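4 protein chains.
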Amino acid sequence: MFRDWPADFHYAPGLQESVVVAMADGFAQARRAPALVNLHSAGGVGHAPGSVFTAWRNQSPLVIVAGQQTRAMLPTDPFLCARSAVDFPEPYVKWSHEPARAQDVPLALSQAIHTALQKPCGPVFLSVPEDDRDALTEPVVPRTVATRFAPDPVALEALACALESAQRPALVVGAAIDQDGAWDDLIALAERLNAVVWHSPMAGRRAFPQSHRLFAGFLPPLRQPLAHRLAGHDVVLVIGAPVFLYHVHSEGEYVAPGTRLFHLTDDAEQAARAPVGSSLFASIGLGVAQLLARVQATQRPAPQIAPRPVVPTGKDPISGEFAMHTLRETFPANAVLVEEAPSHRNALHDHFRVDRSGGFYACASGGLGFALPAAVGVALAQRPRKVVAVVGDGSSLYTIQALWTAARLALPITFVILDNSGYGAVKALGARMGIGTIPGCDVQGVDFVSLARGFGCRASCVQRAEDLAGALGEAHAADGPWLVEVRMNPNADTIY
Amino acid sequence: MFRDWPADFHYAPGLQESVVVAMADGFAQARRAPALVNLHSAGGVGHAPGSVFTAWRNQSPLVIVAGQQTRAMLPTDPFLCARSAVDFPEPYVKWSHEPARAQDVPLALSQAIHTALQKPCGPVFLSVPEDDRDALTEPVVPRTVATRFAPDPVALEALACALESAQRPALVVGAAIDQDGAWDDLIALAERLNAVVWHSPMAGRRAFPQSHRLFAGFLPPLRQPLAHRLAGHDVVLVIGAPVFLYHVHSEGEYVAPGTRLFHLTDDAEQAARAPVGSSLFASIGLGVAQLLARVQATQRPAPQIAPRPVVPTGKDPISGEFAMHTLRETFPANAVLVEEAPSHRNALHDHFRVDRSGGFYACASGGLGFALPAAVGVALAQRPRKVVAVVGDGSSLYTIQALWTAARLALPITFVILDNSGYGAVKALGARMGIGTIPGCDVQGVDFVSLARGFGCRASCVQRAEDLAGALGEAHAADGPWLVEVRMNPNADTIY
Amino acid sequence: MFRDWPADFHYAPGLQESVVVAMADGFAQARRAPALVNLHSAGGVGHAPGSVFTAWRNQSPLVIVAGQQTRAMLPTDPFLCARSAVDFPEPYVKWSHEPARAQDVPLALSQAIHTALQKPCGPVFLSVPEDDRDALTEPVVPRTVATRFAPDPVALEALACALESAQRPALVVGAAIDQDGAWDDLIALAERLNAVVWHSPMAGRRAFPQSHRLFAGFLPPLRQPLAHRLAGHDVVLVIGAPVFLYHVHSEGEYVAPGTRLFHLTDDAEQAARAPVGSSLFASIGLGVAQLLARVQATQRPAPQIAPRPVVPTGKDPISGEFAMHTLRETFPANAVLVEEAPSHRNALHDHFRVDRSGGFYACASGGLGFALPAAVGVALAQRPRKVVAVVGDGSSLYTIQALWTAARLALPITFVILDNSGYGAVKALGARMGIGTIPGCDVQGVDFVSLARGFGCRASCVQRAEDLAGALGEAHAADGPWLVEVRMNPNADTIY
Amino acid sequence: MFRDWPADFHYAPGLQESVVVAMADGFAQARRAPALVNLHSAGGVGHAPGSVFTAWRNQSPLVIVAGQQTRAMLPTDPFLCARSAVDFPEPYVKWSHEPARAQDVPLALSQAIHTALQKPCGPVFLSVPEDDRDALTEPVVPRTVATRFAPDPVALEALACALESAQRPALVVGAAIDQDGAWDDLIALAERLNAVVWHSPMAGRRAFPQSHRLFAGFLPPLRQPLAHRLAGHDVVLVIGAPVFLYHVHSEGEYVAPGTRLFHLTDDAEQAARAPVGSSLFASIGLGVAQLLARVQATQRPAPQIAPRPVVPTGKDPISGEFAMHTLRETFPANAVLVEEAPSHRNALHDHFRVDRSGGFYACASGGLGFALPAAVGVALAQRPRKVVAVVGDGSSLYTIQALWTAARLALPITFVILDNSGYGAVKALGARMGIGTIPGCDVQGVDFVSLARGFGCRASCVQRAEDLAGALGEAHAADGPWLVEVRMNPNADTIY
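Chains as they are written, first to last, in the numbering used here: chain A, 1 to 496; chain B, 1 to 496; chain C, 1 to 496; chain D, 1 to 496.
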């Protein structure tokens, strides 16, 4: 592969495959374009599936190419060969393939790219035997494949009528809105309908400005509580999200009996799987635009929205609420937030409003280890824009090696480690289920400043609330990566 | 799972799943017993396959249990659920299963254990939905499954006759000999036959004392050179290894035309796949014992063995040869070596003789990241025996998080990082193929002492040859983990 | 399953699973609605994949439900249990599932139906353990999922402009046009553009009236000859078919250098896979309708079409051409043709014009054994319409058991067996490749009249050309199934 | 494939793939040697899995080679190509492979053969692209792989001691005894131990002479009744069968509390899966021989065996008991019985004693359609020995096409169709579960004599008991295939 390596190819190195795939995931999302990842055969691919799972849930168009041993050696099951190479990354890839001949690799790469880019986007996998790189073949003709498609006009009409005649409509918005560039049209649609906007649970991107007068908050990932939040609405339209994503089981209705539910999705599986409602299948940008073009401005009064949470106090030890508030206060203009702090998600929702498209990325899968390398990928994609990663200590230790790439490439990233010395979200979940002590949830004795320096990053540590703003400011002002370790209250974590 | 957690269960924590699986792999190998690994559903399992691949190649009996979302939620494709849970760890598990009912989990666990322990041993996978933990069920009756089996007496007789009548017989020995406790019988067999002993390529364990007068060296993982080494023998018996394991392709004969090849294996696939020779299927311990009982002492003269390499000099910068030699000189009595330094494997073979069963562990798969966590697992299994891990910088950074577990459990491990600031083996392979510069092979700017301290380990750094022995002695004398970073000559790596 | 069997469920029996699935395939296609197939566990499912493969290629919305052993027995690997039940029908199903709990079966059935109906339609599989039938569960709420979607307006505009400005445009039409009810709009589109219409190769349905002045013929399934047919066109639009389906390999261009190719498809994989051209993704009915609404009537002169083949003579032994011509001459008004006579496909194309939507069904996969049971399914779906199946002797013997169902249900079907005493298409292919004699291609000694009577059908045999019309007329006039065996010239078969 | 077809290759044709695979299954079993089956790609393979499932349960060493489209065409998803070719026959093959290069096909064929022959034997699958047949490659070196292996001597000793010291030992015998040629040693073992011999449920071959004084009968495939039969024994040894094979679920113990169970098996999965007992792993022939060599003759008194059923009367309509009795009375010396008459299995067990090795074959899977083609395969393998197939009407109609091959090859087979005009075993099972009427269970209106003649066989029909012996005698005396349709009492079927 490296023979005659093109001079204009930029090779972004990383220290482990889960790091590399998550870097590419962040990059592809921030660029809204496919990213190519190159991995070693089984030995390398094997470290990646955790991040591939996340990329799949993030609907990130990755083209993952893996080496494979020389074809001639495969009958001997050689060292480092991948057996059943195409099965290894399953089931979290859209397509997995090893061409039957060296000559077919370029066309397979074309199919891989177009497959990754079809809605819903996602990772694809191509296994390429080593000797295929030396084969001569035909050039592939460049071609286009339209990735947008519009809703059924008849179903769209029915939806528009339902929304127009609704008493108290609500929109439930998901990550696909930001993925497909529908942010502005969605605001216009909500305003024209005077409809309340809820954010779908656990979304990897923000779909609506949280400071907007129509924004009502984040739905919880539990069946009964979620239905309860939507109970007052007679018509609900879910856009670019599943119906619905749950985390912890609770029995109950999916929606309250009086609610009519509609669903606009670019994901045929989500449409078929939804337990209730009428689904339309369309790419989100076109779907929202055509709906906006169709509905009339409403005379409906403005909805009532619950008041915002109060500003938290700066007591020690530092609380999640105060950390998120301070992070928002010191946040550089135009910076991007990448988040993976499950213990502090409520605090994030309450105290850190994201108000622009492309301003937020998080892990849609729940698998840990996304945020650190994804921040590197986002920074690479949007250089010289500042990126801020706010990450729990447990999450950060999954892929701490990403700090090295940030340092080597001198990327403008502030890494904020909210260190509660353990897996706080797991402890909180255990407490919710009435379990006293869960073994293995303490992560004590890690010195993040030392780790950061070991990988070549500058770093500082904050223990008192009064020092937090200053430390963040210092990190944001640096022109390369800087890690701020924030010692948090280890016993104050909550979940849902 | 953690409700009513038994007081006598020891839970060994780790910071990432690839770390945890490799820890368990080392533990299971060192104990010659199955180890149970508990992982989170897709999000956690996804980080593990790299180490599962290695455990499979290591033939390590791991029982990997993964959580799964509550059964009642699965139709909604919930957060953190594993879709096609049993496919995810494929193809590198022997058995993968999610029971159809909660009541069947205990019996499935029994089947998992007995399957992992069948020859060739290897990892198995069991997906258990969260709510299954609360179901009442029947107790499983303890039972035994014999894991040993003997060779076909007729084929054994033919083999014994061939060995007795051979002019210049050779044994090629593999990891299964040490796995199955056949070390002493193998020495007796080699001596009775006065046969040369070659070590099979890339084995994860040593099968014969390298100081023994009959030991001829390590076979290279290339077809033609390997056949060349064996060319002088009229009868070759491969025991507990494939016929043969190659890494880099070269055309040529599998064995020289005049050589008769026999193969004693506990792996039916290896038997069916071998391109040449007569295969016997038996567990290695029984196979070697029955062969030993059958063959007569020979009158054949002692074979000629090539002389040992000379002792390397202690020039700066430190060479791999000198590092391995010094490591051997300072090695604590009875300690165990865990190795993953691909750039220095020739030096290891030449200058570090392993002379007892259970004295050596390495990664059989070629996937990186095994040695650091495996050393933790071996130390856990054999406490208070000293364990020494000698690891390249690139390898160590795959799973550097294992240092934290070593520190938390205060395990007696010396971590020796041979730091050549890059992926030396890849560079050497590139040079062998005539490629000038390979991008992404430099790993500069890592401070291992700082990383070790960040995880709670003591550490030191050696730059001059004259300081190496002292630094190693200091580390070996410590009663907890200690990391020694050895700055190596970055341009002196070789391969094959 | 049969406890409390609803009185208004019609159970159509069959003697073997490949027969039953193909019956359901014909039924679902003719009804444009999903059909439910119920199979026994592994023992029964195992006989079905040949027909499932065909249903998948036919894009037929089948919901296949298979029994599975009682959950409690599964750990013992009991008699007739299906292991890896969801893998068995792979890869030719769109979705394969066994619910994790009995309570989830109804919702899974809903998801199965909606998945089968998404474009491109196809079979889905649901494995249901026996004891699940006795569980109580929640009712599933009826819901709708729109299955139509429209093309990207921007890409549609580009396509319309290309067609309008073309000198000699051509349409290549495929089965999806008839599947999606776009027959009439397509005629209007062709006429508005004055564009030549070619039929795509090996399609399972007809997409355009073959007597129409713009119909140019059937494209051959070979790369170079196909490109040659299209070479005179500057713009080609492929609708509802892959780009392109080939049977025998020939090197060469996919299309001639000067041709611009566009592709309107409801199949995202076809879009990504196509080696050349610009693909639009839309359901075919909406796509054609919106294109028709957009393009202007052309001033372009009418294209030149090659003249029709001459009427064949009625010499003995009976030729394929004469058989097809006579079949057309005697064809009952409004009857449906089901075809599987590969040796006589050229004759069919030349001498049997299908001129209305829903008038023709064939096997899109090339797997044998479709037509006999499919004719039964079509007749069931459209009773009392007459169905005529024209089938080769080799094909008919795959699923000859379907005659019994036709007889039991007294369906109005004429089965025409074109008996050339062998696999004529294989012989012709062999001759094309220069192979003298292919063993196993003779099928002599079968008496179809006796077989038909054994299954309860009336039957007759024709040996002379002059008797053919009369025999067909007698069969068509019967009010139940009637088989006509036509003894053909065994050495006159051709292919392409 | 057919270019340069070797003159000494015998090609046995068949009309459908499920027929062909079952023919090969019968052939391979009767020859105790691998059989090669050649199938068309997906279209042909798809009809085979029902019979592959049975061959897998029968542990029959089949090498199934399937064509695949030309490699160069695969990127276009061509007509008749197999996608995911290696997944299609899963999970009922031991190995499934498509070589990465044409040159590797011969070695893969060698691996396929050796894999099929490893214990437990079973089908393997090899997909070979069409153009691979034209490639030049290296010849494969013939080699041997021992397929026998002996039990662990330590475990064998424990088993021998348990048997010697038992008060009332029993042997439970399975098909692997006859597969591995251990029939005579098993008789000697039973006699030396004076142990009762039970036959395991649903076995595809007989393992012990049913006229022997120690033979106690057939165990039922239900948990509680089976345990009840064995309850009086203090030591039970299961040989060459699973522990245990069940068909219908019943709760209860696997064995009575006082019984010690041992298990000698050549199937590692059976060993790991068994819920109770101590398992030894060995090939059955060697295992039985070594056990026989080890145990001492017993002084234990002869066990009490229940008396044989009385001779049935010849009343009309003909009963299963009378049919089986008459079949036994008229059975040609040295003939082989192939059976698939599930409604009459009790009658078979009671009235048709099989007393020699290789004298009986049945379907081990429960999938229908085995016996007719298997009888063809057995007759081919053992020509000119007479073969008698006794088959239910429902079973026979699955693969009735096999009659044609029997006729073409003029094989000496008597086909006895026990025609009860329906799926009697299903009706009986329904009655057992208290279900009144099961739709689709009647198979009326089939005239088997007409079908047989349609395929070229002679045939006769018997309606009265008094005519049965004469009709069977006439058929047995014929020198080619002859079918006897026996009209049975349709309402007298039983099960268990």
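Any given hint might turn out to be false.
Among chain A residues calculated to face chain B with C-beta under 10 Å, some are [claimed, not checked]: (1) S18; (2) E329; (3) A333; (4) Y398; (5) T399.
What the simulated footprint calls covered on chain C by chain D, stretch by stretch (three residues with Cβ under 8 Å from a Cβ of chain D suffice, anywhere in the stretch; the number is not a length) [as the list claims (entries may be wrong)]: (6) 80-92; (7) 276-285; (8) 487-495.
Simulated DEER-style distance windows between Cβ atoms [claimed, not checked]: (9) A:A188 - B:M433: 52 to 62 Å; (10) D:D234 - B:N334: 47 to 57 Å; (11) D:R294 - B:A469: 54 to 64 Å; (12) B:A469 - A:R432: 30 to 40 Å; (13) A:G436 - B:A469: 45 to 55 Å; (14) A:A188 - C:P153: 11 to 21 Å; (15) C:G217 - B:M433: 36 to 46 Å; (16) D:G434 - C:F9: 45 to 55 Å.
Treat the hints as calculated values from the structure; they're not laboratory data.
Everything numeric in this text was worked out from a predicted model, so none of it was measured.
All C-beta atoms in this analysis are idealised placements derived from N, C-alpha and C, irrespective of residue type, glycine included.
For this session: Please flag the earlier hints that this structure goes against, numbers listed from lowest up.
Result: Hints 2, 3, 7, 8, 12, 15, 16 are the ones this structure does not satisfy, whereas the remaining hints hold.
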